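Peer 1: Residue-level listing of the chains:
Number of protein chains: 2
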Amino acid sequence: MPIKKLYGGIEAGGTKFVCVVAAGPDHIVDEIRFKTTVPAETLGRAIQFFQPFVAQGQIDAIGVGSFGPLDLNPESPTYGFITATPKPDWSNTNVLGTLRQALKVSIALDTDVNAAGLGEHKWGASKGCDPSLYLTIGTGIGGGYIKDGRSLFGMLTPEMGHIRIPHSRELDPFPGSCPFHGDCFEGLASGPAIEQRLGLRGAIVPEDDAFWDLEADYIALALMNYILTLSPKKIILGGGVMQREFLFPKVRRRVRELLNGYVSSKSILENIGTYILPPGLGNQSGSLGAIALAMQLDEKDHDPRL
Amino acid sequence: MPIKKLYGGIEAGGTKFVCVVAAGPDHIVDEIRFKTTVPAETLGRAIQFFQPFVAQGQIDAIGVGSFGPLDLNPESPTYGFITATPKPDWSNTNVLGTLRQALKVSIALDTDVNAAGLGEHKWGASKGCDPSLYLTIGTGIGGGYIKDGRSLFGMLTPEMGHIRIPHSRELDPFPGSCPFHGDCFEGLASGPAIEQRLGLRGAIVPEDDAFWDLEADYIALALMNYILTLSPKKIILGGGVMQREFLFPKVRRRVRELLNGYVSSKSILENIGTYILPPGLGNQSGSLGAIALAMQLDEKDHDPRL
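Going down the list, the sequences are from chains A and B.
For the first sequence, this note's numbering begins at 92 and goes up steadily by one.
For the second sequence, this note's numbering begins at 92 and goes up steadily by one.
Chain A with its partners taken away, still in its complex shape:
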């Protein structure tokens, strides 16, 4: 059996870090998970985990999919930093620089949701589909759009969880939970929005509660907008809220109703059951996506972020 080249991957979440050394989903050599505390301690544990692999020449590239907001503009003086995050102690943390300096290997940094999208595109439910969209609906809502095998970066990283969608105050008087936009998509449909509205975590709201039709409606309205704007060939829905699997058929049905035959693609008209899917990599989209990010460093292209 040929020896596969190994890469490092970090899923840097606001709650926990996952660090892996792997060549892909079927070849995970080592993995560690730990709580996200203060930056020095947390990044220190990640560095400690990778150090032996680096020292033995087993890995020379690490991908990081991180919580944010991140500065991903290569021309910015704070490129590679977590910037103004509400998470205590993490504002203005030089994630990229700290890891590079300690480990002396190539590091690729992207958002957590872009990394997950990349992982799904490489090995998961959107494999072979380009462009594709990965959406996480949980504590926040964010989307990773993968086109030509890369995450989209324009003026900035997209923040598509904050798009505005129709909201009837008669049907749903909840004003929304987003501190910036009130009733944007995230403000209406994220985990915290559900909990603030119902006084109950989404995980324990009964399946037959009429609220879920409203939730599916918001998700479908947002998906409609993404489909019309980005035209992805596959949509992956991850995150805590989408753990409630009964949402999938509701969302699919509503997307088709809302588009009303306007997008004449078989994926919508006939095969929507395989067009809108849960992650193929389960809870490993993020960490394996970080591995996929590291692999891109080897591909020697002109993306200034890499």
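Don't read these hints as lab results, they were simulated from the structure.
Be aware that a few hints might be false.
Since the list gives no way to pick out one identical chain from another, each pair is judged satisfied if it fits inside one copy or across any two copies.
[Claimed, not checked] Listed next, the in silico BS3-like pairs over lysine-lysine satisfying Cα-Cα at most 27 angstroms (straight line):
1. 357 - 178
2. 218 - 95
3. 218 - 238
4. 357 - 107
5. 341 - 107
6. 357 - 195
7. 238 - 357
8. 238 - 324
9. 95 - 324
10. 357 - 96
11. 357 - 95
12. 95 - 341
13. 96 - 324
14. 238 - 195
15. 95 - 126
16. 324 - 107
17. 178 - 96
It should be emphasised that the depicted structure is a prediction, and the values quoted were computed from it without experimental measurement.
Chain A is fixed; fit chain B onto it per the hints.
Peer 2: Chain B only, in chain A's frame:
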């Protein structure tokens, strides 16, 4: 002076066709405009116009930016056709095949709005900005997103004029004019929507009519969604409705208010006056965009559409 290579361009509109032979905006050799009648006559006139240039070896590539809906999927049996259009006589018209067969040159076909976006990206207001977005707000609403110098094509061509945005029936009881989605963006803010709502063409609604604040609000809500999803570095607003130039400052102000500091880019926070702009090529974005499309045929890349 070196002889510049010439290209053909067709702006194939539902009302009129514009055919040009040019090397760019400063080097237009010939141009003809005529009314769009039945396909055989209209395409025949275009062919007649280009024939002498082709016969003399002056052009070997023509770009076409066409009204639609178009089938742009290279794997489809009706690739290059105008498909189910409401325009009489034009349903199932093989535009690409007809031109190719008659002229025996390379033909590149894209949507009218994508061609205009490409023209603006190459020579106009979004020159040097990638990704960029060109939006036309007129009889219909459509967007051309140019990324890596090319128009976005995914599952299909985007149809971003039909996204859903908040609509207060109290403030604006108009139910919307879109036959598919009622009060989608196009259904609320296109030229026909204005005329149906006010009983007056937008071109003659007085500048001080309170309606324009509502119109600017809808446009700003849609732009907010595009910015958060596509993160363009420049947005160009064209089309008949945007001829009312007083809309620009209203739209800019409202976009900044709606985003509420969330997108921390200087383009939004400080320079929105040069971020959202009218077309730099005036009414030539479409025909010159078709020239830009033809030029891409020379660039020998792997886009299966070319």
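Peer 1: Which hint numbers does the structure go against, in order from smallest to largest?
Peer 2: Numbers 4, 5, 6, 9, 10, 11, 12, 13, 14, 15, 16 and 17, in rising order.
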